[in-house]
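Hints are included, so try docking the two chains, each in its own frame, into the full complex.
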Amino acid sequence: MSSDAIATRGLNRRFGSLTALKSLDMNVARGSFCGLLGPSGAGKTTTIKMLLGLLKPNSGEGTVAGTPLGAIDHRFFQRVSYLADRPALPGSMRVADYLSYLRPFYERWDTALEQELIRLVDLPVKPKIKTLSKGNQLKAGLVSRLACRPEVLVLDEPFSGIDVAARDQLIESLLKQSSMGSLTVLISSHDLDEIERLVDQVVMLRNGEQCLNESTDRLLDRFRQITITGDPAMPDPLTQQGWLTRELNGRTFGGVFTEYRSHETEKALGENFLRVDDINVAPMSLRSVIASMSSAPTQQVSS
Amino acid sequence: MLPFTVVFKPGIPAYTQVAFAARKAIVAGVMKPGDRFPSVRTLSQALKINPNTAHKVVSGLKDAGLLEVRPGIGTVVSAGAIASVGDTTQLLGDELERVAVEARQLGLSFEEVAGALKAHWDELEPASVVQAVKK
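Line order of the protein sequences matches chains A and B.
Heads up, our numbering is the position in the first sequence plus 17, with the first residue counted as 1.
Heads up, our numbering is the position in the second sequence plus 11, with the first residue counted as 1.
Rather than coming from a laboratory, the hints here were simulated on the basis of the structure.
Virtual Cβ for every residue (Gly too), placed ideally from N, Cα, C.
Check the hints yourself; a few may be wrong.
[What the hints assert, rightly or not] Footprint (simulated), chain B over chain A, 3 or more residues, beta carbon under 8 Å: (1) 177-189; (2) 192-199; (3) 214-220; (4) 224-237; (5) 291-300.
[Stated by the list, open to error] Each computed EDC-like pair below joins lysine to aspartate or glutamate, with the alpha-carbon atoms no more than 16 Å apart: (6) A:LYS284 / B:GLU108; (7) A:LYS151 / A:GLU124; (8) A:LYS151 / A:ASP185; (9) A:LYS151 / A:ASP173; (10) A:LYS284 / B:GLU113; (11) A:LYS66 / A:GLU174; (12) B:LYS20 / A:ASP234; (13) A:LYS145 / A:ASP114; (14) B:LYS59 / A:ASP185; (15) B:LYS73 / B:ASP46; (16) B:LYS59 / A:GLU189; (17) B:LYS20 / A:ASP210; (18) B:LYS35 / B:ASP133; (19) A:LYS66 / A:ASP173; (20) A:LYS151 / A:GLU174; (21) A:LYS193 / A:ASP90; (22) A:LYS143 / A:ASP127; (23) A:LYS193 / A:ASP248; (24) B:LYS59 / A:ASP210; (25) A:LYS284 / B:GLU106; (26) A:LYS151 / A:ASP139; (27) B:LYS20 / A:ASP90; (28) A:LYS147 / A:ASP114; (29) A:LYS39 / A:GLU78; (30) A:LYS193 / A:GLU168; (31) A:LYS284 / A:ASP295; (32) A:LYS66 / A:ASP90.
Isolated chain B (complex conformation) (with noise of 0.2 Å):
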């Protein structure tokens, strides 16, 4: 069993999916610094998954400092994992311009917009999200 479930949608590159989907959990707490992390050939037979999505998966959240390799144990979740995706909030820019432009063509106040995220930003609280993928 894999510690994060990801819904496929078509059309978006499976490496997009599976890297978004195990960011959640890591930033979401469901998995914890020191947590193992699914091997390639685990997330590519559970996920039905090419194998080399899968490396490019695991080598791209070690790259982005997510996860680290511990001798004798494997693939972890990094001690800093939460840090190192907090520096990263410099590339969220691009993503912002874009809600930014959608909500204005919309016509929504940036009040309704603040609304929007926090709702998101809630779900991501670790009792939220456990309860949702025990569901």
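With the rest of the complex left out, here is chain A (with noise of 0.2 Å):
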């Protein structure tokens, strides 16, 4: 468990009669970006606030940065840093004060770090905090909870309203700090596009329970979109495991697929085929891996 930044056994967390997650085991390695991805409802916020102590677990145990969830005190906060996707930042404090106000709080803070990503993102720090756009705000939020050098961060929803200039420039201050060091980043968001390069680990949640847990390279190998179109040797000639979508139309026969081996997949499908015309296999992006996910009937996907 300790050589993971982040561990969970089990985590369940109740609202009344509501189980807002169930049974979260997670595991991410340090160095790692895990993406922490699922519907709105799914219960991603409810984890990230049992992560970071804001919320107690009704049952189960974790581990962040080599700190046990009851065990969070101050001193986490050196380690661990967080950015909500609206910071609660001081409005009326200029950009550069406000880092000068927190400096002394963090031991590991890095001056020059500081600097070198405030050059980087291109943040004014002249202006009151409240005037700032959107994004200058998260970049002012970014640079403080890098420049405190953490093990751990953890962005809920970093890109959500703000420009592609500024999204590009927030990841490559992460990208530049986590090539310093072993910088492990958990990052909640609905902009899939933009984090399917970035993050190296996937894990979706579902109605509160986890429902991928992979490597992104491998969660791409093995989902495609497949459309064949012939004649059949069977009713239903889709008869392999792992088909998580299925349409059935005329002659052509198709759906998401997430078992997909090069090469075998086409040759068994064709097996139950009398002719085939054609066939379709097109990779999947991220963004409706997740989405194909979301809409599927509930059960577990196996990897």
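Here it is in structure tokens:
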């Protein structure tokens, strides 16, 4: 457990009769960027709050940056940074004053890094925070959360409502910081096209339950949108394990297939047909994978 | 600046796409034996990819014999890079079978497939790749 930056076992949380999170087992290796994904109400924010000690689990256990969830105190936040989608920053302070104010609270604050990040994201430091655009406010928040050199950074919807240039700058500053040490990032986002190449691990929640937990590469390798046109040898030719969705439309059959293996899948599919006119096997973006998992009937999808 | 470009397509692992672009640049001679290969850090920041992915690209190319570590210099394109690509032609078996199957399904003749392959082959001539990169 200790080699992981984040590890949980059987984490449960109820709100009255509602089960917000059910038996979450989650591991994020040190230095990894992990996407915490899923539809609204799936349990992402509940998970983040429990990982930061802001919400107590009803049962289960976990550690973040080596600290058990039950033992989180102020020292924890020397090593774990959190940036909410609407960070509560002191609006009447100037950016430069805000950063000077924070500096002495953090043992590992790196002033050279702070200056480098300010240049990298092109953050104006003279104006008062409340006069900044949403994008610049997020930049100010991120600079402050990175300059203290955290081991773990938790980002809740960091890219919503900001422009492309600001987003790219935020991503660059994350990658810069991560290349200088083993920074672990847990990032909850709906902007899946933006994070497809940023995250190397994906955890997906649905109705409070984990339905995906694996490397992004593996996930993209095994999900395919398959369409096959021809004369089947049986009424339902989609006999393989792994069809997440299926559509039968005249001579055209297909859907989302979750156990794709280059070559073998086409061969096995073809065997259920007397005649094949066309097989189309299309890779799926992370966004399509998550969308298909969000709308699919609830069931554990094996990996 | 990187010595090769990657135009990312969604749905294909970033590792696969970057490693392919690098191999392409090496076999086309855009990067020559002894040329320095970008560091993990440079790859990650220039392509906005996860550092672990960038690391996997570099170590994958080393394992394949395309890159080697020279003490005091860093990671460079290895002297036997092209030969080690040649040794792996048997790995193309699967790819070629797939092309053959798809071509038959589309009703293409062998000559048409060979012509299409030739066009791709010629695109990898160093001169044309350099021009393409300059564009």
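Find the hints from earlier in the document that the structure breaks and name them by number, from lowest to highest. The structure breaks hints 7, 21, 22, 23, 27; every other hint is satisfied.
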